[in-house]
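*Asks:* All chains should be modelled from the sequences, with the hints used to inform the complete structure.
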Amino acid sequence: VKDVLVDTNASASDMITPQIFRDITFVDVDTSTVFSFDDPDPGAVKVDDCGEFVCTGLYNVLVIDDDGSLLNDGSSGGVIRSRAPGATIPSDCEIQDNWNALKCQSKEYALMVFE
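Residue numbers (this note's numbering): 311 to 425.
Source of the hints: derived by calculation from the structure; they are not laboratory data.
Do not rely on the hints blindly, as some may be mistaken.
[To be verified] Pairs of lysine to aspartate or glutamate residues, derived as EDC-like cross-links and limited to a Cα-Cα distance of at most 16 Å, are as follows:
| # | residue 1 | residue 2 |
| --- | --- | --- |
| 1 | Lys413 | Asp376 |
| 2 | Lys413 | Asp317 |
| 3 | Lys413 | Asp377 |
| 4 | Lys417 | Asp359 |
| 5 | Lys413 | Asp402 |
| 6 | Lys417 | Asp377 |
| 7 | Lys417 | Asp407 |
| 8 | Lys417 | Glu404 |
| 9 | Lys417 | Asp383 |
| 10 | Lys413 | Asp383 |
*Replies:* Written out as structure tokens, the structure reads:
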């Protein structure tokens with residue numbers, strides 16, 4: 311088990327609330343372990359649990375770094391977990407395999423929720 315700052319709740323299969331961070335200070339922290347996003351459990355994804363849609367909460371995680379302090383690089387941006395099968399990677403994002411997410415230069419992302 312590794313310590314992380316931002317993790318997903320594997321039982322939140324329908325939605326994870328977006329998170330906004332600012333004024334973060336790291337002291338003696340390995341920034342490669344700031345995020346850790348779980349993959350959905352294929353056995354837990356059932357159309358009956360999420361209406362007419364397959365539950366996609368763990369694929370749709372949004373973290374906004376409002377001032378660059380969370381990503382520790384001085385520029386604001388976002389981290390998105392939208393690496394669902396078949397998803398297109400936005401041009402301003404780069405894959406961060408150790409986070410299981412994308413690091414993006416823009417913070418102008420949003421979630422669309424169907425109920």
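*Asks:* Hints first: check each against the structure and report whether it holds.
*Replies:* Tested hints:
1. Lys413 - Asp376: holds (13 Å)
2. Lys413 - Asp317: Holds, at roughly 15 Å.
3. Lys413 - Asp377: holds (14 Å)
4. Lys417 - Asp359: With Cα atoms ~31 Å apart, Lys417 and Asp359 exceed 16 Å; violated.
5. Lys413 - Asp402: holds (8 Å)
6. Lys417 - Asp377: holds (10 Å)
7. Lys417 - Asp407: violated (20 Å)
8. Lys417 - Glu404: Status holds; Cα separation ~14 Å.
9. Lys417 - Asp383: Given that 16 Å is the threshold and the Cα spacing comes to 14 Å, the pair holds.
10. Lys413 - Asp383: holds (11 Å)
Of the numbered hints listed earlier, those contradicted by the structure are 4 and 7.
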